[in-house]
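2 protein chains.
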Amino acid sequence: MTEDLNNIALLAALDDGQRQTLSRHVKHRKLERGETLFAAGSPAEAFFWLRTGAIKLFMLSRHGEEKVMNIVQPGTTFAEGVAFMDPPVYPVTAQALEASEVLAIDTATFRALLQDSPPTCLALLAQQTGRIQSLLTEIEAQTLESAHHRLIAYLLALAGPSDDLQLPASKAVVAARLAIKPETLSRLLTELQRRGLIEMHERKLRLLDVRGLRRLAAAPTLHP
Amino acid sequence: MTEDLNNIALLAALDDGQRQTLSRHVKHRKLERGETLFAAGSPAEAFFWLRTGAIKLFMLSRHGEEKVMNIVQPGTTFAEGVAFMDPPVYPVTAQALEASEVLAIDTATFRALLQDSPPTCLALLAQQTGRIQSLLTEIEAQTLESAHHRLIAYLLALAGPSDDLQLPASKAVVAARLAIKPETLSRLLTELQRRGLIEMHERKLRLLDVRGLRRLAAAPTLHP
Numbered sequence: 001m002t003e004d005l006n007n008i009a010l011l012a013a014l015d016d017g018q019r020q021t022l023s024r025h026v027k028h029r030k031l032e033r034g035e036t037l038f039a040a041g042s043p044a045e046a047f048f049w050l051r052t053g054a055i056k057l058f059m060l061s062r063h064g065e066e067k068v069m070n071i072v073q074p075g076t077t078f079a080e081g082v083a084f085m086d087p088p089v090y091p092v093t094a095q096a097l098e099a100s101e102v103l104a105i106d107t108a109t110f111r112a113l114l115q116d117s118p119p120t121c122l123a124l125l126a127q128q129t130g131r132i133q134s135l136l137t138e139i140e141a142q143t144l145e146s147a148h149h150r151l152i153a154y155l156l157a158l159a160g161p162s163d164d165l166q167l168p169a170s171k172a173v174v175a176a177r178l179a180i181k182p183e184t185l186s187r188l189l190t191e192l193q194r195r196g197l198i199e200m201h202e203r204k205l206r207l208l209d210v211r212g213l214r215r216l217a218a219a220p221t222l223h224p
Numbered sequence: 001m002t003e004d005l006n007n008i009a010l011l012a013a014l015d016d017g018q019r020q021t022l023s024r025h026v027k028h029r030k031l032e033r034g035e036t037l038f039a040a041g042s043p044a045e046a047f048f049w050l051r052t053g054a055i056k057l058f059m060l061s062r063h064g065e066e067k068v069m070n071i072v073q074p075g076t077t078f079a080e081g082v083a084f085m086d087p088p089v090y091p092v093t094a095q096a097l098e099a100s101e102v103l104a105i106d107t108a109t110f111r112a113l114l115q116d117s118p119p120t121c122l123a124l125l126a127q128q129t130g131r132i133q134s135l136l137t138e139i140e141a142q143t144l145e146s147a148h149h150r151l152i153a154y155l156l157a158l159a160g161p162s163d164d165l166q167l168p169a170s171k172a173v174v175a176a177r178l179a180i181k182p183e184t185l186s187r188l189l190t191e192l193q194r195r196g197l198i199e200m201h202e203r204k205l206r207l208l209d210v211r212g213l214r215r216l217a218a219a220p221t222l223h224p
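So the sequence lines, in the order shown, correspond to chains A and B.
For the first sequence, the UniProt record's numbering gives the first residue as 1, with consecutive numbering after it.
For the second sequence, the UniProt record's numbering gives the first residue as 1, with consecutive numbering after it.
Okay, chain A solo, but in the shape it has when bound:
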């Protein structure tokens, strides 16, 4: 079990002694398919790490409709937010979608470790700050990727059966229409020219390789 604790990102900042202490307050639980692990609104004594299986996190609307917030994958922590709440209460309900195994990590013990050890607290903050930075970078890359897909679809739709088309408005307006920054639009158009897929003079465009453009628009990633 202590081995498993080494794999939990949220615990990476703990030193060996702290991990030992915590391991005495970690419980191993097996869930059957359909079993509820915790219910929204109930007091939270633990957060969890999923070893095997799949866990659905959901809320019920006023009308009793289920809103699925997340399907937890093995190897990840969930409900870790409760470790920093006072008093801790589960914000969602967790139910096993299949037979699952979890580690339940005692919230009070984890909090006490952090409260007694500012260096651990700072290390955890450092780790989370890094995580936030890398998520922001990922979002930016995805945004660019999806802008590329939209631009190609837009050009193909404008051209229709012809290979020639004219942008119906200034680049600034077209960029706004596609929810892309003007400088990003220019960059994307330049790249399509560089790849020999289009030719462009002012607002006039010629599609040089419609099949290539379609292939690119249907490709999961635009960067080879």
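The set of hints was computed from the structure by calculation and includes no laboratory data.
Don't be surprised by glycine CBs; every beta carbon is placed ideally from N, CA and C.
Keep in mind that a hint or two might mislead.
Unchecked claim - Below, a sample of chain B positions facing chain A; criterion: calculated Cβ distance under 8 Å:
1) 81
2) 131
3) 138
4) 141
5) 149
6) 153
7) 215
8) 218
9) 222
To be verified - Okay, derived cross-link-like pairs now, BS3-like style, lysine-lysine, Cα gap no bigger than 30 Å in a straight line:
10) A/30 x A/67
11) A/181 x A/204
12) B/30 x B/56
13) A/181 x B/56
14) B/204 x B/181
15) B/181 x A/56
16) B/56 x B/27
17) B/181 x A/30
18) A/67 x B/181
19) A/181 x B/30
20) B/67 x A/181
21) A/30 x A/56
22) B/56 x A/171
23) B/171 x A/56
24) A/171 x B/67
25) A/67 x B/171
As the list claims (entries may be wrong) - Covered stretches of chain B (in silico footprint by chain A; criterion: 3 or more residues with CB under 8 Å from a CB of chain A, positions within the stretch not fixed):
26) 106-118
27) 121-130
28) 154-166
Assemble chain B onto chain A, guided by the hints.
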């Protein structure tokens, strides 16, 4: 200046007294276009909040090529990671792209505040945990959005001039080709049917509204 501090997300967990203390160690700086704020590898005494202007964060490769990591927008913090490093060193170089104004927040003072106040540390951890959750949710939504765009482009490319097409392989293989989970592919196809854009029987598909599909593929967001 204390007003500005209230707008800095990373400082939201501080109480009024702590914010007062910190404000005595905050410096206001004006930068000219092209001026370097800090260089990669130099000791870090402060992290920053950009009030106006634009700041480029970059690294130099071994061959002297510039790799831009980020263009900082006003209203955001940057180099905050150094607040949790010991000893703190800037990992990148920051240069003003235009005339800019920043607040420099003393790293040592900020660390001392956190070290003396476990509750502040826990509050900050809670805030960051929430931020990470919402970024993960955003990434998931974007991934789905971009899968939708790719699927439509793929169907239009398969159909060519005709309105009828047949998936060239099982749904599982098509899903893999588009880098979508099989259950997501099924969900997306069901939604296109629900919107009256396609009709589907086994692997045979009929495009009922090609213009509608093209419009959807070029739309910045697929969810009205």
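Outcome of the hint check:
A hinted interface residue such as residue 81 of chain B counts as satisfied when its beta carbon comes closer than 8 Å to some beta carbon of chain A; here the least separation is about 5 Å, so the hint holds. The interface hint given for residue 131 of chain B is met, as the beta carbon of that residue sits about 6 Å from the closest beta carbon of chain A, less than 8 Å. Given the 8 Å rule on beta carbons, the hint for residue 138 of chain B holds: about 6 Å separates it from the nearest Cβ of chain A. The beta carbon of residue 141 of chain B comes no nearer than 10 Å to any beta carbon in chain A, farther than 8 Å, and the hint placing it at the interface is violated.
At about 4 Å, the closest approach between the beta carbon of residue 149 of chain B and any beta carbon in chain A falls short of 8 Å, and the interface hint on this residue holds. Interface restraint check for residue 153 of chain B: the shortest CB-CB distance to chain A comes to about 4 Å, inside 8 Å, so the restraint holds. This hint holds: residue 215 of chain B has a C-beta 7 Å from the nearest C-beta of chain A, less than the 8 Å allowed. Evaluation of the residue 218 of chain B hint against chain A yields a held restraint, the C-beta minimum of about 4 Å falling below 8 Å.
Annotation: residue 222 of chain B was flagged as interfacial toward chain A, and the flag is violated, the nearest CB pair being 10 Å apart, outside 8 Å. A threshold of 30 Å between alpha carbons decides the hint, and for residue 30 of chain A with residue 67 of chain A the separation of about 25 Å falls inside it, so the pair holds. Distance restraint check for residue 181 of chain A and residue 204 of chain A: the Cα-Cα separation of roughly 20 Å lies within the 30 Å cut-off, and the hinted pair is therefore satisfied. Distance hint between residue 30 of chain B and residue 56 of chain B is fulfilled; the C-alpha atoms sit about 15 Å from each other, no more than 30 Å.
As the CA atoms of residue 181 of chain A and residue 56 of chain B are separated by approximately 17 Å, the hinted pair is consistent with the 30 Å bound. Of the pairs offered as hints, the one joining residue 204 of chain B and residue 181 of chain B holds, with about 20 Å between alpha carbons and a cut-off of 30 Å not exceeded. For the hint linking residue 181 of chain B to residue 56 of chain A, the alpha-carbon distance of about 17 Å falls within 30 Å, and the restraint holds. Distance hint between residue 56 of chain B and residue 27 of chain B is fulfilled; the C-alpha atoms sit about 20 Å from each other, no more than 30 Å.
For the hint linking residue 181 of chain B to residue 30 of chain A, the alpha-carbon distance of about 27 Å falls within 30 Å, and the restraint holds. For the given pair, residue 67 of chain A sits about 20 Å from residue 181 of chain B by alpha-carbon distance, which is consistent with the 30 Å threshold. Distance restraint check for residue 181 of chain A and residue 30 of chain B: the Cα-Cα separation of roughly 27 Å lies within the 30 Å cut-off, and the hinted pair is therefore satisfied. Restraint check: the Cα-Cα separation between residue 67 of chain B and residue 181 of chain A comes to about 21 Å, which is no more than 30 Å; the hinted pair holds.
Pair hint residue 30 of chain A plus residue 56 of chain A holds up; C-alpha atoms about 15 Å apart against a cutoff of 30 Å. Restraint check for residue 56 of chain B and residue 171 of chain A: the C-alpha separation of about 25 Å stays at or below 30 Å, so the hint holds. For the proposed pair residue 171 of chain B and residue 56 of chain A, the alpha carbon gap of about 25 Å is at most 30 Å, so the pair holds. A C-alpha spacing of about 27 Å is found between residue 171 of chain A and residue 67 of chain B, which places the hinted pair at or below 30 Å, so the restraint holds.
Between residue 67 of chain A and residue 171 of chain B, the direct Cα distance comes to roughly 26 Å. Compliance with the 30 Å bound is thereby established for this hinted pair. Coverage of the region 106-118 of chain B by chain A holds in this model, with 5 residues showing a Cβ closer than 8 Å to a Cβ of that chain against a need of three. With a threshold of 8 Å between beta carbons, the proposed coverage of the region 121-130 of chain B by chain A holds, since 9 of its residues qualify and at least three are required. Counting residues of the region 154-166 of chain B whose CB lies closer than 8 Å to any CB of chain A gives 3, which reaches the minimum of 3, so the coverage claim holds.
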